[in-house]
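Protein chains: 2
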Amino acid sequence: MKKNEDRRIRKTKKAMSDALASLLLKKPLNNISVREIAELADINRGTFYLHYRDVYDMVEQLQNEIFEKFNEIIDNYEPKSETDSLFPLIVEVFNLLADNSELAKVLISKNGDAIFLDKLKNLLRDKCLVNVKKLLKIKNEDEFQYYYDYIIAGCTGLFGSWLAGGMKETPVEMAGYTEEFIMKGADIFK
Amino acid sequence: MKKNEDRRIRKTKKAMSDALASLLLKKPLNNISVREIAELADINRGTFYLHYRDVYDMVEQLQNEIFEKFNEIIDNYEPKSETDSLFPLIVEVFNLLADNSELAKVLISKNGDAIFLDKLKNLLRDKCLVNVKKLLKIKNEDEFQYYYDYIIAGCTGLFGSWLAGGMKETPVEMAGYTEEFIMKGADIFK
DNA sequence: TCATGCGGGTTTTATAATCAACAAATAAGA
DNA sequence: TCTTATTTGTTGATTATAAAACCCGCATGA
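Top line first, the protein sequences correspond to chains A and B. Following the numbering used here, the numbering of the first sequence begins with 115 at its first residue and continues without gaps. Following the numbering used here, the numbering of the second sequence begins with 115 at its first residue and continues without gaps.
Each hint should be verified, as a subset may be incorrect.
Remember, identical chains collapse to one label, so a pair may be satisfied in a single copy or spanning two.
To be verified - Calculated lysine to aspartate or glutamate pairs in the EDC-like style (CA-CA distance at most 20 Å, straight line): (1) K128 to E153; (2) K233 to E182; (3) K141 to E255; (4) K247 to D227; (5) K235 to E293; (6) K140 to E255.
Simulated from the structure, these hints should not be mistaken for laboratory data. Keep in mind the model is a prediction, meaning the values are calculated, not measured.
Please build the complete structure, drawing on both the sequences and the hints.
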């Protein structure tokens, strides 16, 4: 949560983001107008332009913000010991999704933004690989590459169905499932 | 909905009102601080004082606003014919409650403000008596007085349980029930 | 006893958001 | 095609809210 931002900015951006998300549920981005967003967000149309150049700029900025937060979470995670689990990290990821659920739902779920999803996967792949490999004590590197792709796709899929299903489970519960899935499957490498 | 008010004012007041309502669920008015309201509403504390003198003033103003809207609804209702039902009027009343549900819930329900409830009953009594009497074609005036008190208490009770139950039914459905109850019981006067 | 803390009000300065109006661009229909 | 709406950016003046710092009164506890 950005504490350094003016309350007013935080609220207007939230309102606009929610409005955009709810519009994206009904129609594709290319026929969503600034006017609609402003109206639904219950803000003056001019206010939109104080923050974004147009609708595409808005989506791009919002996506970048999410990516930045992902990065931040992952970068700030350092396991205490060699055998430390990924659990705390995964919990934070689910919390992040929860904080941005309206938008994340439409970006990740079906009819979502394929590019966004791909960037997300790449991010997870690049950033988490080291930790997972260390944790699992990998011997067979080649086969593991595939398993790692499998993990990444599985996780993002899990994100999507959790969000689409209305987030019935808590982030902690979901993190538990996720870690379990990852570790169980990794038994083949032992 | 007050269209003449600045968006910002509308939103701030809504936030403060919701905050107050949610605090009233947990504790009595006399130990709810301005600080708490501002914090929960996510507004600057100083902003509170731009609108209200203190917490009591706030409650009073909010109650008055609700009463004014009640009055407005009732005053603007004129039956087309002698036999016209109260249905449209009742629907509007339930809509009004829905629009102010957070606050109305705590004011009307148990642990609510007894004075508020009493004022509400008196308002309904005074304003609706004419219409109901006309509609029911009353002969026995004396006994009807009691029946009318009975109706009023019944209606406000219905308001309370609908709000407390989370407003599962639509205003139109509730208005249907309400009118049915009133008319059925009134058969004894025919 | 004094200190420390907390809530109540108030003030000042800075800035975000409002509203209303506008001309240019774009879409839509006859 | 020409005409008519609709959306788009942008502007200027105004207002509401934010933030941070006050002082005050009161309580609580060392």
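Hint by hint, here is what the structure shows:
1. Taking the shortest alpha-carbon separations for K128 and E153, both the intra-copy value of 14 Å and the inter-copy value of 18 Å come in at or below 20 Å.
2. For the homomeric pair K233 and E182, the shortest alpha-carbon distance inside one copy (12 Å) is at most 20 Å, but the shortest distance between copies (54 Å) is not.
3. Proximity of K141 to E255 under the C-alpha cut-off of 20 Å is found in neither arrangement, the shortest distances being 44 Å within a copy and 61 Å between copies.
4. Taking identical chains as interchangeable, the C-alpha atoms of K247 and D227 are never at most 20 Å apart, the minima being 29 Å within one chain and 62 Å between chains.
5. Taking the shortest alpha-carbon separations for K235 and E293, only the intra-copy value of 17 Å comes in at or below 20 Å, while the best inter-copy value is 58 Å.
6. Taking the closest pair of Cα atoms, K140 and E255 never come within 20 Å of each other, the shortest separation being 44 Å inside a single copy and 57 Å across copies.
The structure fails to meet hints 3, 4, 6 from the earlier list, while all remaining hints are met.
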